[in-house]
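Here is how the chains run, residue by residue.
There are 2 protein chains.
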Amino acid sequence: MTVTIRDVARLAEVSIATVSRVLNRSKPVSPELEEKVMKVVDELGFNPNPVARTLIMKESLLIGVLIPDVSNTFISMFVRGIEEELFQNGYTALLCNTNSDTKIELHYLDLLRKKYVDGIVLLTSAPKPEQIQFFKKHKIPVIFSSHTDKDSRFSCINIDDYQASYDAARYLIGLGHRSIAFFCGPMEYYQTIRRFDGYKQALADHGVDYRAEWVFDKDYDIDSGYNSGMELFAREDRPTAICCVSDMVAIGAIRAAEDSGLGVPEDVSIMGFDDIPIAGASRPRITTVRQPVYELGTRSAQMLLRQIRGKEQYKREAIVLPHEIIERESCRALTT
Amino acid sequence: MTVTIRDVARLAEVSIATVSRVLNRSKPVSPELEEKVMKVVDELGFNPNPVARTLIMKESLLIGVLIPDVSNTFISMFVRGIEEELFQNGYTALLCNTNSDTKIELHYLDLLRKKYVDGIVLLTSAPKPEQIQFFKKHKIPVIFSSHTDKDSRFSCINIDDYQASYDAARYLIGLGHRSIAFFCGPMEYYQTIRRFDGYKQALADHGVDYRAEWVFDKDYDIDSGYNSGMELFAREDRPTAICCVSDMVAIGAIRAAEDSGLGVPEDVSIMGFDDIPIAGASRPRITTVRQPVYELGTRSAQMLLRQIRGKEQYKREAIVLPHEIIERESCRALTT
DNA sequence: CTGTTAGCGCGTTCAT
DNA sequence: ATGAACGCGCTAACAG
Chain A
1 MTVTIRDVAR
11 LAEVSIATVS
21 RVLNRSKPVS
31 PELEEKVMKV
41 VDELGFNPNP
51 VARTLIMKES
61 LLIGVLIPDV
71 SNTFISMFVR
81 GIEEELFQNG
91 YTALLCNTNS
101 DTKIELHYLD
111 LLRKKYVDGI
121 VLLTSAPKPE
131 QIQFFKKHKI
141 PVIFSSHTDK
151 DSRFSCINID
161 DYQASYDAAR
171 YLIGLGHRSI
181 AFFCGPMEYY
191 QTIRRFDGYK
201 QALADHGVDY
211 RAEWVFDKDY
221 DIDSGYNSGM
231 ELFAREDRPT
241 AICCVSDMVA
251 IGAIRAAEDS
261 GLGVPEDVSI
271 MGFDDIPIAG
281 ASRPRITTVR
291 QPVYELGTRS
301 AQMLLRQIRG
311 KEQYKREAIV
321 LPHEIIERES
331 CRALTT
Chain B
1 MTVTIRDVAR
11 LAEVSIATVS
21 RVLNRSKPVS
31 PELEEKVMKV
41 VDELGFNPNP
51 VARTLIMKES
61 LLIGVLIPDV
71 SNTFISMFVR
81 GIEEELFQNG
91 YTALLCNTNS
101 DTKIELHYLD
111 LLRKKYVDGI
121 VLLTSAPKPE
131 QIQFFKKHKI
141 PVIFSSHTDK
151 DSRFSCINID
161 DYQASYDAAR
171 YLIGLGHRSI
181 AFFCGPMEYY
191 QTIRRFDGYK
201 QALADHGVDY
211 RAEWVFDKDY
221 DIDSGYNSGM
231 ELFAREDRPT
241 AICCVSDMVA
251 IGAIRAAEDS
261 GLGVPEDVSI
271 MGFDDIPIAG
281 ASRPRITTVR
291 QPVYELGTRS
301 AQMLLRQIRG
311 KEQYKREAIV
321 LPHEIIERES
331 CRALTT
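Heads up: the protein sequence lines correspond to chains A and B, in order. Residue numbers for the first sequence follow full-length UniProt numbering, so the first one is 1 and each next one is one higher. Residue numbers for the second sequence follow full-length UniProt numbering, so the first one is 1 and each next one is one higher.
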């Protein structure tokens, strides 16, 4: 049925070793034989079986991509970047949604190892001890994305979450706001903590009061933004601006504002994060902190490939990509 | 380094055949030996190497997922459904973005075959002859999603695109609209054609004029909707309503309306398609045709697994999932 | 430069 | 019920 290296060898009247050598250029072969082999290979449409190859070489051209949830736009754009880069290099992505559940993450990690993936890109809520442990033990090339993982010895790529959040808050302060709420993610997330710190520092540096009751730590989705918004807007004492942890949260918050009879940005300024496509098209267009998502993906893949190819010589990299404030319509200057 | 079946056999003082038999329950083994084996398996934490297994069994527990682009929300939700179901059953998804490019599709198809994927879920613009050819030749289990592929012998799952589009147009007609534009996808897409037919039939059945200059066949994204909108709204002779091929197109169209000084739904009613989360949160909330995306994904996976497990006995299935019109704020009744 | 041979790790006959 | 031996398709020593 399927044509094997043996069939090629027989028809070309050479040994299987020779066929293997011309196909992999692993050792010199005389031009005549090479031609004979290639001819038969073309005729038969021979394709080396990658599984058999993996069994020996311990390399599969497979990359594991561990993420919380693809249906999140930010993540799917990130994945798209990874996949694009991997494809260019002959690798394929194994998609693993974990919901940030530690058990599922570990389960997948183990599965990926057994499938001999050549490397793993990890996008997780925080670099968990179990994960660190896993990669210390198994030495599988890995990139931690969206983390700035100082202590550990693993490569990582991220924006500067602290600074980005600081900049967002400062931007609002620059607009004249003195009461700024913060709609962030769960406080177990390393990312959340960094951004929260940036936010607080910006307030502190500019003499703006920090108010714990204006911090809502729900999740990254629309509903979280909406619920936080409805809760906040029902109070008498409202802030004039809100920093959101994602554009989706911002959209939920804007929705909540309208449902509470508040105008954005007339009554309350709302700032997003990520700059997904919808941010520039929604009403109002959302002022946001742009992350180079797609590039985060391609760069992750590139780093991982460098690591895979560099083997032992590879030196850990820690890349920080620039963020940028995109001014649009959802935040206005306070002219008291 | 890695523990193999041989290590287990040695420590348990049995043959590797016995170990294999208890692990796969392929043949009866005496209780005593079974216990001995399991004990050693646990102690060593032995995991059979799936690659070696694949080489013999020709099954990999890998499923190829061929899609145009994950970063499209509709698609990423679909993929999420697939992945969730596969995970429950011990399978893993290989993600393949093709941009609907026939060459890339074929390239991936061939790659997947060589990796011995157990099956493939295909979400493509149209069931192309090359694809039909491929699956006739290689007999790999496959599900065509978002296609109602009558002629072919392959299983498929979809909503009724024709009827859904018909219903959308009729809904608008029921609201009193008599001039309805259609923002659809590329006419090479089978899906586009079906929906276009449904739209035209609805107009015909209700005595509404069809106007070719009100049909814009761009793409499924925000920009397409925006560009079509800007072009249409610049004209003197405008329709009172628009049927869009996706919620993203609707969002672009709404944006274009506002940029053209038009209110939605006061000046123009705009209807979406898909009902992605953003549809219910954007301003105005988008009236749309709901597709059960996530279920489309899980059902696709289930069908594929049935096919894989049923082998020869499996009979082709063609499932049509229900759609539903979700009334929200972007369409209004015309009170002339 | 080329061919022969021994595995990679596992499932499965074929004898016992 | 159990074990020895073979082979899945390929790469990499090892001879020549």
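Simulated from the structure, these hints should not be mistaken for laboratory data. Honestly, I wouldn't trust all of these hints.
When chains are identical, the list treats them as one kind, so a pair holds in a single copy or across two.
Dumping the calculated DSS-like pairs for lysine-lysine here, alpha-carbon to alpha-carbon at most 27 Å [claimed, not checked]:
(1) 315 with 115
(2) 39 with 103
(3) 36 with 58
(4) 103 with 200
(5) 36 with 315
(6) 39 with 128
(7) 39 with 114
(8) 311 with 36
(9) 315 with 139
(10) 137 with 315
Hints, verified against the model:
no. : hint         : verdict
1   : 315 with 115 : within (25 Å within a copy, 31 Å between copies)
2   : 39 with 103  : between (51 Å within a copy, 24 Å between copies)
3   : 36 with 58   : neither (30 Å within a copy, 30 Å between copies)
4   : 103 with 200 : neither (33 Å within a copy, 52 Å between copies)
5   : 36 with 315  : neither (43 Å within a copy, 45 Å between copies)
6   : 39 with 128  : neither (53 Å within a copy, 30 Å between copies)
7   : 39 with 114  : between (36 Å within a copy, 21 Å between copies)
8   : 311 with 36  : neither (35 Å within a copy, 40 Å between copies)
9   : 315 with 139 : within (14 Å within a copy, 45 Å between copies)
10  : 137 with 315 : within (18 Å within a copy, 47 Å between copies)
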